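Sequences are here, hints too, so could you generate the full structure?
First to last, the sequence lines map onto chains P and F.
Take the first sequence: its position 98, counted from the start at 1, is 98 in my numbering, and no numbers get skipped.
Just so we're on the same page, my numbering is the position in the second sequence counted from 1, plus 1000.
It should be emphasised that the hints constitute simulated quantities derived from the structure, not laboratory data.
Note that this is a predicted model, so its numbers are computed, not measured.
The beta carbon of each residue, even a glycine, is placed where N, CA and C say it ideally should be.
Among these hints, one or two may not hold up.
Below, computed lysine-lysine pairings styled on DSS-like, alpha-carbon distance capped at 30 Å [what the hints assert, rightly or not]:
hint: 1; chain 1: F; residue 1: Lys1044; chain 2: P; residue 2: Lys209
hint: 2; chain 1: P; residue 1: Lys139; chain 2: F; residue 2: Lys1033
hint: 3; chain 1: F; residue 1: Lys1033; chain 2: P; residue 2: Lys194
hint: 4; chain 1: F; residue 1: Lys1044; chain 2: P; residue 2: Lys7
hint: 5; chain 1: P; residue 1: Lys209; chain 2: F; residue 2: Lys1097
hint: 6; chain 1: F; residue 1: Lys1084; chain 2: P; residue 2: Lys4
hint: 7; chain 1: P; residue 1: Lys35; chain 2: F; residue 2: Lys1274
hint: 8; chain 1: P; residue 1: Lys35; chain 2: F; residue 2: Lys1131
hint: 9; chain 1: P; residue 1: Lys135; chain 2: P; residue 2: Lys181
hint: 10; chain 1: F; residue 1: Lys1194; chain 2: P; residue 2: Lys35
Ranges of calculated distance between the beta carbons of each label pair, as one might list FRET restraints [as the list claims (entries may be wrong)]:
hint: 11; chain 1: F; residue 1: Thr1096; chain 2: P; residue 2: Lys147; range: 46 to 52 Å
hint: 12; chain 1: P; residue 1: Leu170; chain 2: F; residue 2: Lys1171; range: 41 to 47 Å
hint: 13; chain 1: F; residue 1: Asn1160; chain 2: P; residue 2: Gln74; range: 31 to 37 Å
hint: 14; chain 1: P; residue 1: Glu223; chain 2: F; residue 2: Gln1183; range: 23 to 29 Å
hint: 15; chain 1: F; residue 1: Lys1171; chain 2: P; residue 2: Gln72; range: 34 to 40 Å
hint: 16; chain 1: F; residue 1: Ser1144; chain 2: P; residue 2: Lys135; range: 25 to 31 Å
hint: 17; chain 1: P; residue 1: Val102; chain 2: F; residue 2: Val1162; range: 31 to 37 Å
hint: 18; chain 1: P; residue 1: Ser225; chain 2: F; residue 2: Val1162; range: 36 to 42 Å
hint: 19; chain 1: P; residue 1: Glu223; chain 2: F; residue 2: Lys1200; range: 53 to 59 Å
hint: 20; chain 1: P; residue 1: Phe127; chain 2: F; residue 2: Ser1144; range: 25 to 31 Å
hint: 21; chain 1: P; residue 1: Ser230; chain 2: F; residue 2: Glu1101; range: 53 to 59 Å
hint: 22; chain 1: F; residue 1: Asn1160; chain 2: P; residue 2: Glu149; range: 41 to 47 Å
hint: 23; chain 1: F; residue 1: Thr1096; chain 2: P; residue 2: Leu170; range: 29 to 35 Å
hint: 24; chain 1: F; residue 1: Asn1148; chain 2: P; residue 2: Phe127; range: 30 to 36 Å
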Amino acid sequence: MLSKTSKPYLLDFVKGEVILFDKPLLYSSFDVIRKIKKIIRIRKIGHAGTLDPLATGLMILCTGKKTKEIDQFQNLPKTYSGTMKLGATTRSFDLETTVDHVFDISNLTHDTIINATKHFKGEIMQFPPVFSAIKIDGKRVYQSARKGENKDIPSRKVIIYDFQITAINLPFVDFIICCSKGTYIRSLIHDFGKSLDNGAFVSDLRRLKIGDYHVDDAINFAEFSEIVNSAEKIVLE
Amino acid sequence: MRVFTNKSNLRSELPNPVVTLGTFDGVHLGHRKVLDKLINVGDKFNREVLVITYWPHPRTILSPENDIPKLLSTLENKIYLFEKLSIPNLLIIAFTKELAEKRHDEFVTELLVNTLNVHSVVVGYDHRFGKNRTGSFDYLSENSHSFNINVFEVAPFMLNNVPISSTKIRKALIDGHLDYANQMLGYHYFVEGKVIKGLKLGTKINFPTANIALDFAKQQLPKDGVYLVKTEFDNLSFFGMLNTGENPTVKGKGRSIEVHLFDFNGNIYGKKIKISFLKNLRQEKKFSSVDELKEQLLIDKQTSLEIINSNSF
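Rendered as structure tokens:
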């Protein structure tokens, strides 16, 4: 496992490494793979769960033979912290697209907001956002969405293990959510806004944990390059 | 860090920058959330980043005289804090009545579009601009296509369910909640002043003190009382105890700020001194005799040394 505490001389990306990576803002998950590939010049690499460009935080990357273990990481529950903005919706359910509807939030109280989380605990059904990487008829749905078409995406069952409101400063509400594989936080927040007869979208999102792996142990691009460089030096010596 | 005060020739230096704007008084954790996002956006688009700040503080120009806030940072301190956060470029815009009269659309077109040719702008959730503070993230976002500027909003930094703001930090300092103020700032609150001659009364009871004149009389001081402080001058650093207040025990002395430095013996008159407030030791109180005061000062010193040794500040 390549994390903040790893020893560079033990690295073998072909045989397989698991990397705890802290994705920066605005990079797509694929951007991350592409950039890591450039640094270590390896063909086989994958990740255990997409993070939206506007989200930051933990991604688990697997290289070489370790790509076989991706599923195992993918199935782990995930924990996110974030901020939603009430009183408006966007088509992407975050700020990748601009606001399309606004709502009056003057009647929302702290109690109604906190109580509304109850409807979203345990097993729930949700529709993935139209701006998502899901494929329908072999096409990514976000490609149709960008053209303005709306494909029917089937709803799916996910489990919300925990949903806590950590701070309220209207229109902003901070939350922590722990959920099963395949959960779209953007959809959850969109539905949360709806349940208040209002609107909501994700303003900030950070993945803190995948299973027991924590973003505090994850490395960024600079740290990754540094570890790889020092590993190469050791090999040359 | 490059500090610019003239925006007209900036376009050649920073052709298509990612910017943020704000007053940034105190450069607190909420501001740092904005600055982090600024750096992120700059990295991703491979653009120079630029922080635009106003000086003087808009409220010192716009507020009625009895409502002008004391400030958390002087311009010099703000520059120092930005530098410490590795901000590469800073533009200081003179805040004038004339600037305050500009409509928000004029402000954006003139400054962000025509003068700076901005690529992206990162704004804090509570940032307002233009006459009567009518411009905000919503306005920029709605018009991002016509301005050809990407717009990013930064949600508030919440601490104990409260969004951090410069106003809250000022209030915490005034109310005597130094720890809370320091927590919101993300560093120990500091002021800078000059050592001046005092009445030398402290020397008589073996607690010599340096009297401090603040460089900037408009800077917010914590509530009257006794504080554990860290002082810095001439690249030296000493812990000490500071008293700010009316000096109730010593008749006729009036309001002052004085510091007793631990393990220091020397003449520092006229020197520029930086004072960071680490811990509130106690409130200022009136003693019936100078001996009683001295006794209390010995206790204060003991408390201070314990705090320093246990690193609990």
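- Given pair status - lysine 1274 of chain F, lysine 35 of chain P, alpha carbons within 30 Å: 45 Å, violated
- Query: Are the Cα positions of lysine 139 of chain P and lysine 1033 of chain F separated by 30 Å at most?
  - Reply: Violated - the C-alpha atoms of lysine 1033 of chain F and lysine 139 of chain P are around 37 Å apart, more than 30 Å.
- Query: Range hint 23 to 29 Å: satisfied by the CB atoms of glutamate 223 of chain P and glutamine 1183 of chain F?
  - Reply: 28 Å, holds
- Task: Mind checking the alpha carbons of lysine 1033 of chain F and lysine 194 of chain P for me, to see if they're no more than 30 Å apart?
- Result: With Cα atoms ~29 Å apart, lysine 1033 of chain F and lysine 194 of chain P stay inside 30 Å; holds.
- Query: How does the Cβ-Cβ distance of phenylalanine 127 of chain P and serine 1144 of chain F compare with 25 to 31 Å: does it lie in that range?
  - Reply: Holds: the Cβ-Cβ distance is about 28 Å, inside 25 to 31 Å.
- Item | CB-CB spacing for glutamate 149 of chain P and asparagine 1160 of chain F relative to the 41 to 47 Å hint | 46 Å, holds
- Message: Verify the CB-CB distance for valine 102 of chain P and valine 1162 of chain F against the hinted window 31 to 37 Å.
- Response: The hint (31 to 37 Å, Cβ to Cβ) is violated, given that valine 102 of chain P and valine 1162 of chain F are roughly 26 Å apart.
- Query: Quick one, are lysine 1084 of chain F and lysine 4 of chain P close enough, alpha carbons at most 30 Å?
  - Reply: Distance of about 24 Å is within 30 Å: holds.
- Message: Within 30 to 36 Å: is that where the Cβ-Cβ distance between asparagine 1148 of chain F and phenylalanine 127 of chain P falls?
- Response: 33 Å, holds
- threonine 1096 of chain F versus lysine 147 of chain P beta-carbon gap, inside 46 to 52 Å or not: Given about 48 Å between the Cβ atoms, the range holds.
- Item | Distance restraint between lysine 1194 of chain F and lysine 35 of chain P, which requires alpha-carbon spacing of 30 Å or less | Judged against 30 Å, a Cα distance of about 52 Å means the pair is violated.
- Query: Taking the beta carbons of serine 1144 of chain F and lysine 135 of chain P, is their distance inside 25 to 31 Å?
  - Reply: Holds, at about 30 Å.
Comparing the model with each earlier hint shows violations of hints 2, 5, 7, 8, 10, 12, 15 and 17; every other hint is respected.
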